[in-house]
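Colleague: So you can see what is in the structure, the chains are spelled out below.
Protein chains: 6
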Amino acid sequence: MITLEDEDKSQNSKLFSRLVLIGGNSNLELSKKISNELDIPLADSIISKFSDGEIRVKILENVRGKEVFIIQSTCPPVNDNLMELLILIDAVRRASASSITAVIPYFGYAKQEKKVSGREPITAKLIANLLTVAGASRVVTVDLHAPAIQGFFDIPVDNLYAYNFLVNAFKDYIGRVDKNNFVILAPDAGSVIRARMYSEKMELPIAVMFKRRPDIEEVESMEVVGEIENKNIVIVDDMVSTAKTLVSAANKLKSMGANKIYALAVHPVFSSNAIQLIDDSPIEKVFVTDTIPLRNKNEKIVVVSIASLISEVIRRIYLRKSISELFD
Amino acid sequence: MITLEDEDKSQNSKLFSRLVLIGGNSNLELSKKISNELDIPLADSIISKFSDGEIRVKILENVRGKEVFIIQSTCPPVNDNLMELLILIDAVRRASASSITAVIPYFGYAKQEKKVSGREPITAKLIANLLTVAGASRVVTVDLHAPAIQGFFDIPVDNLYAYNFLVNAFKDYIGRVDKNNFVILAPDAGSVIRARMYSEKMELPIAVMFKRRPDIEEVESMEVVGEIENKNIVIVDDMVSTAKTLVSAANKLKSMGANKIYALAVHPVFSSNAIQLIDDSPIEKVFVTDTIPLRNKNEKIVVVSIASLISEVIRRIYLRKSISELFD
Amino acid sequence: MITLEDEDKSQNSKLFSRLVLIGGNSNLELSKKISNELDIPLADSIISKFSDGEIRVKILENVRGKEVFIIQSTCPPVNDNLMELLILIDAVRRASASSITAVIPYFGYAKQEKKVSGREPITAKLIANLLTVAGASRVVTVDLHAPAIQGFFDIPVDNLYAYNFLVNAFKDYIGRVDKNNFVILAPDAGSVIRARMYSEKMELPIAVMFKRRPDIEEVESMEVVGEIENKNIVIVDDMVSTAKTLVSAANKLKSMGANKIYALAVHPVFSSNAIQLIDDSPIEKVFVTDTIPLRNKNEKIVVVSIASLISEVIRRIYLRKSISELFD
Amino acid sequence: MITLEDEDKSQNSKLFSRLVLIGGNSNLELSKKISNELDIPLADSIISKFSDGEIRVKILENVRGKEVFIIQSTCPPVNDNLMELLILIDAVRRASASSITAVIPYFGYAKQEKKVSGREPITAKLIANLLTVAGASRVVTVDLHAPAIQGFFDIPVDNLYAYNFLVNAFKDYIGRVDKNNFVILAPDAGSVIRARMYSEKMELPIAVMFKRRPDIEEVESMEVVGEIENKNIVIVDDMVSTAKTLVSAANKLKSMGANKIYALAVHPVFSSNAIQLIDDSPIEKVFVTDTIPLRNKNEKIVVVSIASLISEVIRRIYLRKSISELFD
Amino acid sequence: MITLEDEDKSQNSKLFSRLVLIGGNSNLELSKKISNELDIPLADSIISKFSDGEIRVKILENVRGKEVFIIQSTCPPVNDNLMELLILIDAVRRASASSITAVIPYFGYAKQEKKVSGREPITAKLIANLLTVAGASRVVTVDLHAPAIQGFFDIPVDNLYAYNFLVNAFKDYIGRVDKNNFVILAPDAGSVIRARMYSEKMELPIAVMFKRRPDIEEVESMEVVGEIENKNIVIVDDMVSTAKTLVSAANKLKSMGANKIYALAVHPVFSSNAIQLIDDSPIEKVFVTDTIPLRNKNEKIVVVSIASLISEVIRRIYLRKSISELFD
Amino acid sequence: MITLEDEDKSQNSKLFSRLVLIGGNSNLELSKKISNELDIPLADSIISKFSDGEIRVKILENVRGKEVFIIQSTCPPVNDNLMELLILIDAVRRASASSITAVIPYFGYAKQEKKVSGREPITAKLIANLLTVAGASRVVTVDLHAPAIQGFFDIPVDNLYAYNFLVNAFKDYIGRVDKNNFVILAPDAGSVIRARMYSEKMELPIAVMFKRRPDIEEVESMEVVGEIENKNIVIVDDMVSTAKTLVSAANKLKSMGANKIYALAVHPVFSSNAIQLIDDSPIEKVFVTDTIPLRNKNEKIVVVSIASLISEVIRRIYLRKSISELFD
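Chains as they are written, first to last, in the numbering used here: chain A, 1 to 328; chain B, 1 to 328; chain C, 1 to 328; chain D, 1 to 328; chain E, 1 to 328; chain F, 1 to 328.
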């Protein structure tokens, strides 16, 4: 807990001598970008599997008294990535690290943050407890599905917002975003709060789509409130999983006379044949970040890196500087 | 943990011999109704204050091995009511109760369930931890402001839904609710999910009001998406505090040509001059429950009791029966 | 955990750059005095209430990696002050402070430190658990009603003794305290240990007053062992609440031929009409400290500030110096 | 947690089929008396030591789902007796007992319940934590040195009072205790509260002895307030350890003209040559209980058994009946 | 915690009305056998995966106040099976089960029960902590790789021994096992304790094989102590993973003149091409249990079911009967 | 957590200004050697017993913010030594030490690390829990009886290996250890893993002795696999307690034609008349370390000090250097 007022870059290696970066297997690409931004190498380590699928971990550098940051998204295969993270934390704790920050750019299981009906788990809380009992002393994450998940932890949690990155990339791409031509769309009731944030940031009007429960003829219908006709629509969400909601929203919007359709979403889960669905849809472009690595490149998918955000946050945590300043 | 298959009412006192009901000072009216419904008296106890304002508690009946239910809303004065609850739990735990259920019809501090910016508390989580460390073994509550608060606990939480009671009382009052004349209004982004529940239940269309951040001229503006003109509007929310949001929404709706305006809200916090504001507003009626006692009666306020719901839930917990059945 | 051998005063601001002082609303006067003594400003923060009485907290300065001292007496209104303290701790913990010391000059609920009969709480222990679960890493307090309360915590507790301050102020006022003229009086069985400490310190004889349980005629009688007649009596206690015990002791002593009567008590709770009672009593002067702010000034009440004691203790904790040295 | 309204003695073995009694080695005599009173045998078990002094435990009866009461005083050799108790609890917990009550008639280390100066332990709290972490679910003890020790636990603690037993035995012995002839003496400041209890119970006046710190000539002096001359003195304390305080008090009292001198003390620790000292002193009789076994019989020592008290408390805990009733 | 002395089979359904069996996906075959043995159906439930690989759980029967047994081996895919188990526990705990027993026939990660060198995890302990924090109240498992893993838990653990089943099946197969013809072989230092158990049970001599660290020419050599020539060898181990150790041991034994070679191992992990290796080896038969389901049948593999053992243990836990009796 | 790149010996006292060494009474000789090696005095403190056998502790130097290492073997009298250690930890924790490392050269109760049959404790785990709840932040120990005991802790544990010291001392004594003449013997199944370590290190063949359960005539027999005749035998074990196993092994080996017999064992518990037994046996020399002090010198016992190992480990922990490097 040295006081580090002075940050002369030439003293970088000395200044950061107590910082250790470990990259799990879930998103090594992002870990390497963060490592480059910070000019601190990823710690040498064995993070693999035994023949029976059990995870094998061994850190090859001294971490005694160090401040360790472990970068691991709990994206698919979520259980493997989560266990790898927990085992890494265990290894580092037993090796006497002075603090352990779990940097989880994509926090899986976040949609299971409440009981919708009886006898369901609250898996997101379970995960919070697992991370804490394993020995994490702090969590850094990006755009939690529900902000209340922060409260699932009693250790400090920094929930970073990536929407500025998406908004800027979108504006760069479009050129000029005019409030007469563009509308932000919340694709369901759960994304209205997020949509309002984008609407404030981009100074655009807002529309909301509601899914109606299937009626007797088993047709799920969608209701839209707000102006759509002849507008360019920007669908915003925190993540795209199967892309079914997104694509059926786009189809509905087209049928209502929408002009061009775009989507902004932080986390590109893209499960099943999501990318194929998007490719075949009327959507022009989907802007996402690199919290999850993309298995396949696709022309419609624009990836915006948030490595600079995460590395700046790691730097500030290590130097005991404010993180909220970053978002003022 | 006796098996209680047989529930012959004539055996009530024997069957429920291990159930103890304690009513805190926050909402004795509701506690008494629950006690009547269950036909089980409130336990004799001293729950008062010493001259220096410190809470004084003494339970005057044996609770050893009993299943104790403590009924206490953490409504204003919230800190006094909360501490009274915690101290009651402590007294009962040290007296060897076999289980302690905190029945908290109105769960205060629930709006502080996430950090909006840096260096804020997550007070709702703090409260969850305080209840747990004091010794609560289960929580029963009604319409949590954010359902994720359930996950703030590792003990079982039953979050009951009261909206059926409000919907039925409203329908009884109106007679016929027609989807051509009535619209559900979510008064801000945060209440859209709740509004959608009402909209599904009542088979009515939905509209959403957004507050815009004040522009340079410091005028806070409101934007509404959805049809308002010539409609009867039902504003739905989980609670009414100062009633400012509610009343300015009503005024805006009137200015847009709305017909009659009603409000449904579970928790009547009614802080400051809320009731006066409602009285002076174009709102016809506000339907609320009795999770919080009303200080003053008012013609516009219709109180719907949920004592039967809570007493049925207590009965089922004690008899180890399913609660989710109640909501199927 | 920097080594701070060198304490050149001119380097004060650098030396103490990691120390953050926060003053709660219970005793801002004392917090400001401590801040002055240390030459460290109170941290900028919002500590207020929402319209519904819920406490609102936001710290406006970076506390990441800082050693935070929160000064808050849990004097009346005790529940508000206690919750404010807990919520401050929660906010600071989630903002990644490196340590959080709760400085509680008056520790409320301390008289509820044991069960006198069945089914009572041990509220002082509950408070200890609440502080710990909220995230306090250390407690500093003054003259705990029962020293065993230290053991209610597993975190370090520094229980400071203020009696030197009272004794010195009393001696300054009286001029010469002669063991032939002055007697220390313990006003009940529970204050005998404390009285003995004063008696040793001031080299004065001791007398003890016992309250007898009311007899059949419901007259509470008082029994005194030790010499009273023609003596000046110094009644010593840890706190004055309603002042009833103090004033009826004074009356009894007068009826036994006592000369002048003084009282020394650390904590001026002064609930109900305590000050009026004292004003109307035969007591000459009551010496108290400023662990609790006085609502009304009164000629008979002499307030001795302990700000210098608390600020020195904060300084020593921060500099990792011994506190017991202070009391040798 | 069966309801056990019916307590027909003839059904004793069935009624108590889930109760298991285990007697540690510290006070087998008392354990056997309790076992006799309850008509329940001590569970068959191996509780011994290996050749290297490590404690060896094996319970030879099924305890799965049973309510286990382990009777063990933590009298000298205190560390052996304490570890034996902790290891017994561990064995029983791992064997799936449904509850474990530590019955600790004499709770050792209770005098170390606060820090008198810096860098001391609070061993009584440590012991409370050790018992809890080992798996005790409840504690029953007798006349804790400081009642606040109850608050060191978060599990229920029943602190029983044995003074009625001593008072009755003393009255039986003396015949008539007259308030003109008898005085209760608190032998130091710390025993005044206890002395007041005896004084109320026996309707006798009270006197207090204070030890003065040695002056320059290193003579420890004693000061007594209250009438002694020509009185029979009853010195009361919670325990007798070396008996030095007791015997020097007796000598001082004799020098002040006291008539006969008796002592009542719950716990006969009798360390070093305590019994010899008493034998050689002017004390007539010392009344003690059997919370600790006496190594040597002595004419001056009168042992009053509290087995009936403890067995009744065990019975009530098992039957979920009130214990406070016992002390009304 | 009803007393259930009477176990009339005809009352089975009433007697076991509070027992709920849940079978995870890892070993449904075994779960069904256990369910059959107990004559209690597996609880209706949804245990599957969402499209993004996150586990989805919903129990469709009331578990409030029930004693729930969840049967799940943490065999490959170990992380999926483990997370499924943890999430099931979470769901059941939040649904107010009275106790939750994790029945884990094969306990994965058990080989990572100590640090062999620095900065390694102790994953088996991590797993123990994860199970406990999720809410398990008891663990039942079979032939833990290291018995000390029991001590990784503070909740009760029943570690069952399956070797009797293997020994009996082997004897049935061979007919007569003569100590002049048969030798037990421990295939490495770590399996000697286990080998001794088999050797005692079967009254056969023992031999030990040691792997030598590769010398300069990188040839790993094996050393055998004990008689091999012309003997039938029974290699015993707790599990077979890749089968490499087993097969190279068999080859070595053959080269030393061994007669027929058999293997007994509780857990058939059979990772990689283990079964192929065995098929191509000189081993006659490998006897295993069904703690892990076999993907492919093979003539050389003899599977012995332990369903009767586990179901008897569940029955005894539920009826509060001794389990150690089973192994006397 | 200062960065300490530079370790100029001349700056020793400044560099180590935050390190405090405390030596318990169990092995003061070793503590003093460690203190000498580190050139840091043992902290001034009172560690004794009161007349009733209760341990008395007071640290006489400031430990606020210091890194405290407490050296204490839990050798016989194990319960006294263990409690002394726990109480020391409590005192240091309450005095605000920044970290507390329990250095336990001999970790008693380690043989009770698993349940061999029902209703036994796992005392080694209990001890781990006691140390943790008392406040230890790290444990350093030597040659744990079972390495899995590391996993009984969630705090970091450094388990040091002393066998190099024994091997070197043995080689120095013998001169030349030839693999044709010398054999390592594991005296029972439980010591085979350890024997293999020695065998690898010393490049010697291995033999194993098995105890057979007594047959009907109650004769315990011993079986040996491996070559003994005309060999010098080196029996290796982690500890010698009663020496019965060791001596009867030696007698058996002699009867089988063994040449000279030696023993290497880390921990010299030497309970009962162990030393006498060794003296009367055919064993030439027993090499042990000083983890436990020897009560009596004996010509056959060679003590090898590991003070240099422990002091180097303390130095590295304090300087945040790797410990595993020491064993590469």
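No lab work stands behind these hints, which were simulated from the structure alone.
Note that the structure is a prediction, hence the values are computed from the model and not measured.
Heads up, some of the hints might be wrong.
One copy or two, either will do: identical chains are not told apart, so a pair holds if it fits within one copy or between any two.
[Said to hold, decoys possible] Using 25 Å as the maximum straight-line C-alpha spacing, the simulated PhoX-like pairs for lysine-lysine come out as follows: (1) K321 <-> K111; (2) K179 <-> K32; (3) K33 <-> K260; (4) K179 <-> K300; (5) K14 <-> K321; (6) K111 <-> K58; (7) K114 <-> K201; (8) K58 <-> K244; (9) K260 <-> K49.
Colleague: Decide, hint by hint, whether the structure agrees.
Modeller: Results for each hint:
no.	hint	in the structure
1	K321 <-> K111	neither (31 Å within a copy, 28 Å between copies)
2	K179 <-> K32	neither (39 Å within a copy, 51 Å between copies)
3	K33 <-> K260	neither (33 Å within a copy, 58 Å between copies)
4	K179 <-> K300	within (24 Å within a copy, 41 Å between copies)
5	K14 <-> K321	both (18 Å within a copy, 16 Å between copies)
6	K111 <-> K58	between (32 Å within a copy, 15 Å between copies)
7	K114 <-> K201	between (29 Å within a copy, 21 Å between copies)
8	K58 <-> K244	between (41 Å within a copy, 23 Å between copies)
9	K260 <-> K49	neither (46 Å within a copy, 35 Å between copies)
Figure legend: structure checked against the earlier numbered hints; hints not met, in rising order: 1, 2, 3 and 9.
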